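Protein chains: 2
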Amino acid sequence: MIKKDNDVRTSIQLISVPHYVDERGDLTVVEEVVPFDISRVFAVRAMKGAVRGKHAHKKCSQFMVCVSGSIQVVCYDGVNESTYLLDRPSVGINVPPGVWAQETYEENGSILMVFCDYPYVADDYINDINDFREYKRNME
Amino acid sequence: MIKKDNDVRTSIQLISVPHYVDERGDLTVVEEVVPFDISRVFAVRAMKGAVRGKHAHKKCSQFMVCVSGSIQVVCYDGVNESTYLLDRPSVGINVPPGVWAQETYEENGSILMVFCDYPYVADDYINDINDFREYKRNME
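Residue numbers (my numbering), protein chains in the order written: chain A, 81 to 220; chain B, 81 to 220.
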């Protein structure tokens, strides 16, 4: 198997989210940097140590912003694995389809906002890592 | 001036947001209940006692969900005032155009997610309460 260095890096983008701070608090404007029309939005809140995600999407892109706390995101494209820390609202990560992602909540009550370009479809999820590896192999 | 009781209540809707809790944390699915296509999204985080908003929109509707902490929302349609407490992710409030809204953050780090049906346009804001009252009088 040929090592495809940079695959994850080039397909997964960390994107700065406009973020304005004043004495009243802070404002994060998300939609300007989401690289698609938003069809689905959900918020996940979890306790420290919770591990979520652990699936890939066939078609759906996901743009993730941690609006409170700190969340580690591990992305795996079938060959390379990359780790990102979302610890402020001013940075988001674009996870394209065909990438396995796992999120670890590093602080109690950390909140991940997820914006998607497709509505929820159960068949779009690949929930088993071996199925994912086979899916990627078949796409080569 | 005729008192238009129920005006605020009938135009402003509290809406249940699908919310799923398990041992890992909780998931709030917003887009299913937002009564419009989402054009703009922003998150506001503020310290206890912060008062934000204090404006009305001419065209833009806003759907607000408090994903962390507790936020009091006061809505004023030019005649009636109503107060709502958003203290869980499972309820949102739809604030239609032509309603003055003010949000008071009741806990440190409370987070309000706001979904809008229009992009940001400065001219859509009415930031002065007297201008708002005049705007509403002119619409009668």
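Honestly, the hints are just simulated from the structure, not real lab data. Honestly, I wouldn't trust all of these hints.
When chains are identical, the list treats them as one kind, so a pair holds in a single copy or across two.
Here are the simulated SDA-like cross-link-like pairs (lysine to any residue), alpha carbons at most 20 angstroms apart as the crow flies [said to hold, decoys possible]: (1) Lys139 / Gly189; (2) Lys128 / Gly105; (3) Lys128 / Pro199; (4) Lys128 / Tyr100; (5) Lys139 / Glu220; (6) Lys128 / Glu103.
Only a predicted model underlies this, so the values are computations on that prediction, with no experimental measurement involved.
(request) Tell me, in ascending order, the numbers of any earlier hints that this structure violates. (result) 1, 3
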